Structure formats: structure tokens, C-alpha cells
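Chains as they are written, first to last, in my numbering: chain A, 31 to 260; chain B, 262 to 583.
Among the hints, a few may not be true.
Some chain A residues close to chain B (C-beta under 7 Å, calculated; not the full set) [as the list claims (entries may be wrong)]: (1) LEU80; (2) ARG91; (3) LEU93; (4) LEU95; (5) ALA112; (6) VAL255; (7) TYR258.
Using 30 Å as the maximum straight-line C-alpha spacing, the simulated DSS-like pairs for lysine-lysine come out as follows [unchecked claim]: (8) LYS257/A with LYS391/B; (9) LYS132/A with LYS122/A; (10) LYS550/B with LYS578/B; (11) LYS578/B with LYS122/A.
Non-contacting residues of chain B with respect to chain A, defined by C-beta distances greater than 10 Å in every case (computed) [what the hints assert, rightly or not]: (12) LYS285; (13) ARG326; (14) LEU369.
In short, the hints are calculated from the structure, not lab data.
Just so you know, these numbers come straight off a predicted model, no measurement behind them.
All C-beta atoms in this analysis are idealised placements derived from N, C-alpha and C, irrespective of residue type, glycine included.
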Amino acid sequence: MAEPIVQTIHRDPALFWWILLPITVVMILTGILRHYAMTLLQTTPKKQDLPKIRQQRSLARGLSLRQNANVLSPAAFSARKAYMVQAYQEGKFLAEPEMRGKPRPNPMSDPAAMEGMMGMMKGNMAMMIPQTLIMGWINAFFSGFVISNLSWYFLTLFGLQPVYNFILGSNNAANQVSQQMGMQNPAAGMMGPEQDPDKLFLAEAENLEVLEHRWILEGIEERLVEKYAV
Amino acid sequence: MATANLLAPPSNIAPPAALALSQKAPLILSNPPTSSLPWPLSLLFSRETPESWAIHENLFLSALRTGDEESAAQLLSRLASRFGEHNERIVTLRGIYNEATAQTPASLEKVFEGYEKILREDPTNISIRKRRVAVLKSLGRTSDAVTALTVLLQNSPTDVEAWAEASELYASQAAWGQAIYCAEEVLLFAPTSWSAHAHVATLHSLSASSTSPPSLSGLSLALKHFCRAVELNEGYLRAFYGVKIVASKLLPLLSDTQVSSRKRGEQDDEDVPVPTLASVQKLDEIATKKLGEFIRDFGSRKKGQSGYDEAEIVAAKELLSR
């Protein structure tokens, strides 16, 4: 009878106590620390003022009119279209009517935009510094078996998210990997500071004007009769 | 129909359900989600989840609705200690509490002045603006409420709740054109909502019936919207009810207009296609049949299992026996 060959990897039993465990513990602790540091560094988002809200929501209203125009009767739709197109073209909903037609200011000179950038910088720093420090620390402290340590470091770096979820709740700021994922497509609002709202309104007015209106309620009686005839 | 629970806002639940919910107050009040231990330990032992605060908020509303003001005050203070007195939501909840406990119109006026003060400091507080409309409405100053709402809607034209409220206020003043406009605005944000369609249809039907003879185009529009509601939800009793009522109003008109073709030519100007007599008759039959089915279904099941309101069934019975 052939015994199955048992593969054993010979490793130093001290490796677990002196390398794997300390790295894991340190990683978890830094994650928690980072979470609280981020919470402290976070600036509350600045409140929009009323004209800005109005500008943004008026544009959203035009969008929803365009998307769901099919529920309206032709008369109701054309009345709305006429009103919205005229208001958009006149710039009635603009938050800063006097800025119309002027080039947008450089975002670097806008203090509000600078604040947002500072917030992003802070977030980046809170991730970068611990990461660099820990990697250096691991390299220096556990030198000798660099390969195995660094690989364990990377494993914990990417694999600790569930542990953080368990300790800190699901929307924590502990894991830099998820942070970097979020960084890839920053929530670029429909109306970033660089975009000229007037241009957006004009574009929307044009979209509304060329929209082909089909009434979904057209012939619905026959449709329903047919459906129930079967 | 989903059963009422504390995770959904309690705006549309029946009084018995609200009472049942508010009776859960002692249980929830005896288990605070935040721990009373000192700081580092409290982090470990708190049972706080995002749901626990939603439950607190909804329980607060249910408690106010059933007159359990003591529990409501406790829940409010718990929420305030967690989120701070100046949180926008807490301010609104406190406003609701003050409104509910106001005994006289004078004290309600006081609440109203409080809202004015908040809005002077922060004009972007939409929920306080809404509360302000609600106070004006309960003070009976409907036209002021309408004005306040139109200001709100100018600044926030994507607010479905506000459009729906405006539609209702206009309807209460029999300003049908405006009411229909606002209801259509709701429809634009919820194009597949059968209840929104039924609401538009009801307004069209009411507006058409307010003139004599009833306007043919208004009734046709009402029929169309009720039909759409049926198309979206085949078990929607209200829509079938509406189809039957509108059809019964349309039938005599249509048989009249078919005799005088001159009048029909007149109607063609308003680009609402008038349904044919045959299809209206068919729809009437369908609605009668379906309403009968609903009533039988309601009778054969246990209470609360068919998903229909008893009042709706009674109304349908009455309509069929006409």
C-alpha cells in the first residue's frame, strides 16, 4: 500500500510568534488608528446656499422632465417645455446671474475649492504616512527574512477589511485599499466648480427642444380592452 | 401591502397599526442603544446600529400620533443627546413635538415664530420650511400655506413631497388646474407609480365634473390615467373603481356627441383623443367584473389578508349596487 506523500514545509516555529502575530496586530491597530484619525480630520461638507440649491435642482427638474415626458399629455408637455426652455435660455435659475457669459474663475483661486482639495490632501496624508512608516518599520525590525515578512504585510494590507468591518462597522475609513478605490472616481457632481452652469442650462434647453414626445397613454383604452379580452 | 414596522416611516399606516407600534415604546425605552459605561468601555458595549435611530425616530412619530407624549419626549431627548440639539433633523423633530403638544392656536403660533427664526438663520433648511407649511395648514391659513409652498418649490423644484402637498392644497381650494399641474409634476418623478396616476385621474375627473355639462376632454384624460394605473397594477382597486365611475359619466356624453358630429369636431381641437363608445363600454364591463372579484376575494379570506381596505370594499360594493 502506497502511503500518500505528506508534504511538510519546514519553518521555524518561532516565526509565528515573532513575525506573523506582531505584524497582524500592528496592522489592525494602525487601521483602527487611521479610522479615528480620518474621523477627526474630516471637515463637515460646507452647506450650499439657497441659490445654488435652486440652480442644481432646476437643472435636475429639466432632466426628469426629459426622461419621463412620456407620461404627460401633449398639451401638458408642451406647456412645460415652453416654460423650461425659456427660463433656461434666459438664465432664470442661475445662482449668479451676473457671472453669465464670463469665464469661470480658476479653481485654484477659489477658497471653497481649495478647502475641498485640502480635505483630500489630509485624507491622502493620513494614508500615506502610516503606510510608509510601517513598511519601513517592518523592513528594519524584521530584517533577515524580508521576503516572508513583506508578503505577510501585503496579505494583511489587502485582507483586513472584514476584520475592520467587524471592529469598526461597515463604513469605516481604516482600509486604504478601499479608500484608493473610491479615489479613482471621485464623486464628480453634475455641477463641479469648473463647469459653467449657464452652459449646462443651455444644453438642457436644446435637449428639451429636440425631444420627440410620445404619449404613453395614447390608445391605452384599446390596449387594456385587448388585454382583458383574452 | 407590507405590514407596518418601525423601520419604515409611519406616514401611511392605519390607526390600529400606529397604536400597535407605539405600544412598543416601553420595550425600546428600557433598552438604550448607547451604553452608560465610561468612554473606552462604552465603545465595546454599545448596541448602536443605524437602524436603532431610525426605530427611535419612527417610534417617536407613532407615539405622538397616539398621544403618548411622555414616551415621545423621552425618545426625543435620547435622539438629541446622541446627535446634538442643532442637528437639522433633531430641530425638525423637536418642531413636530412642539406642534403636536400645542394645545391652543396661540401656542401653535409660537411654534410658527420659532420656525421663522430658524429660517432667518438658515434659509436652506428645507424640512423646517415644510413644517412651516404644515403649521400654516393646521392653523387654517391655506392660502398662506400655498404661498409658502410655492416659495419652497421655486427653490427646490425636485421635491416630490412638496409637489404632492401643493396638489392637495390646491385641490382643497378647488383650483383644479394648479392641482393637476402639481400632480403631473409628481408623476414626472414617479412615472410608474400607479397611485400617482390614480391621483392625477381623480383630479381630472373632479375638475371635469365641476363644470356642467362635464368636460369631455377632462373625463377622457381621467379615464386614460385610471387605465394606466390598472395597466401598472392589476390588483389596484381604486383604479378600477375610478374607471367605472368615469365610464359611467362618459357613456351618456359619448352617445350624445356621436349623434351630433358637429360637437365632436369641436372637441378635436383640444388634442385629447376621445375614446370610442365601444371601448368605454368594454372598460366598464371589465371594471365591474374586476370589482366583483375583489369583493368576493375579500369575503373569502381572513381579515387583513387580502390587502384591501375594508372601506374600499364597502365603497366598491356600493358602486356596484347603484
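- Identify every previously stated hint that the structure contradicts and give their numbers, smallest first. Hints 3, 5, 8, 11 not satisfied by this model.
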